[in-house]
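Asks: Listed below are the residues making up each chain.
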Amino acid sequence: MRIHITKLKKYYGERQVLDIDDLIFEEHKITAITGPNGCGKTTLLNIIAGLDKDYKGEIRYNGFYLNKDITDKMTLVFQKPYLFKRSVYENIEYPLKIRGLSKDIRNKKILDIVKKLEIEDLLEKRAHLLSGGESQKVALARALVFEPDLLLLDEPTSNIDPDAVAILEREIIRFNEESKGTVIIVTHNLEQSKRLGHRIVEM
Amino acid sequence: MNYILEGFKEAIRLLISLDKEVLSIVSLSIIVSTSATIFASIISIPLAVYFGIKKFKAKRLFSRITYTFMSIPSVIVGLVVAIILSRKGPFGHLNLLYTKNAMIIAQTLLVIPLVFGLTYGLTKSRGDVIERIAFTLGANKWDTIVLIIRELKVDILVNIATAFSRAISEVGAVMIVGGNIKGYTRVMTTTISMMNSMGDYPMAIALGIILLLISFIIHSLIYSYNRED
Ligand SMILES: Nc1ncnc2c1ncn2[C@@H]1O[C@H](COP(=O)(O)OP(=O)(O)OP(=O)(O)O)[C@@H](O)[C@H]1O
Ligand SMILES: [Mg+2]
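Here the protein sequences come in this chain order: L and C.
With my numbering applied, the first sequence corresponds to residues 902 to 1104, in that order.
With my numbering applied, the second sequence corresponds to residues 8 to 236, in that order.
So that you can see chain L by itself, here it is in the shape it has in the complex (with noise of 0.2 Å):
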């Protein structure tokens, strides 16, 4: 998905946190996002992603606005994910319930990507029990799950230890070559952003 952003500003009062010109996000591409704690990225994420409404420009989405086709399509993992009251199973089953797919083929899905991201011994733990890495790593899942257009990622690594991170990122890599999947991550590690993104923007 080719998400286009132009003169876009939004200011929490008086003060301004975002102010962005004209900025592209290429389809099938990886684009990292970097700069200093609160200078907007989460910011950003939010508004790309539909959740925060407030602010002035535009933002096109492979030349739409905004509607329910498009929000089904993408997802954004929060920088503290949130996960629901119910076994890691039922987490990343949810948005393929309400996707109307059959038991079946849910089952087939979940039980695919918690191997890719090497995390089939959580699935029937309660997932708000979980510790913060491996919250974000069933968070991750339960985006990746349904193969959407547009992964918005807020900082997914950040509580993960090494040898997760190269799994978590060779997941992010593998959906986007093979799901042709947009992703925009942001990101505090310059050699992840390195590893990952065809393109690096400062903020």
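Where hints are given, some of them may not hold.
To give a feel for the contact side, a few chain C residues facing chain L, derived at Cβ under 10 Å [unchecked claim]:
1. Ala-65
2. Phe-142
3. Lys-160
4. Leu-164
If you're looking for bench data, these hints aren't it; they were derived computationally from the structure.
Note that the structure is predicted; figures quoted are calculated from it, not measured.
Glycine included, each C-beta is placed from N, C-alpha and C at the ideal position.
Based on the hints, put chain C with the ligands in the right spot on chain L.
Replies: Same frame as chain L, now just chain C with the ligands:
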């Protein structure tokens, strides 16, 4: 002092012997208040969640009005229902006044604002995060409401229990629309109130004990469920 002691003794005897009249009064109380709580919950919980996450201009005013209605006196609800159901009232032809169904209607209306207000407040403070997640995962309005109810179910259950406690312990509404007719619309609170005015304490005390017991059981259940979660 003696008559109080006698009252207690007689009350215990009534309870142990499972007195027919006591049983019928208690079961009617439970049926009426349970039905009212269920109807009120079905109606108000989805609506409360809907309004709790909805952003609209007059939300503050809406909140204030909601919270005011939560503590509406039961006699007022009873009076309104009695007027509507009275022979000359708009629903007079249904012949509902002084029936069990009239009591269920009155208690339903009494606890709707309570369930609504509590759940609305809960959703306002805790529903936002869940709504945002639901949105990013592609949920529609209805999916979101269902999800929030499921996520907050423990707290919502406490709200329902609170509503049931209010219903089963109120006198005003059931007295006015039920009429405390023996064997027909007599519930625990109306009996206690009547027995008290007649100076007949044993039955009043027996029912008082049962009322407390019911409250205790409900809250123990909720508490243990809460801990499990
Ligand atoms: N709801 C809000 N009300 C007022 N100010 C806010 C609000 N949300 C964020 N801000 C402010 O807007 C600025 C940008 O916040 P944002 O969360 O987008 O930063 P960020 O780039 O994601 O930072 P970090 O790297 O720490 O995650 C910050 O200064 C923050 O304090
Ligand atoms: Mg941030």
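Asks: Hint compliance check: list the failing hint numbers for this structure, sorted ascending.
Replies: Of the numbered hints given earlier, those the structure breaks are 1 and 4, listed in rising order.
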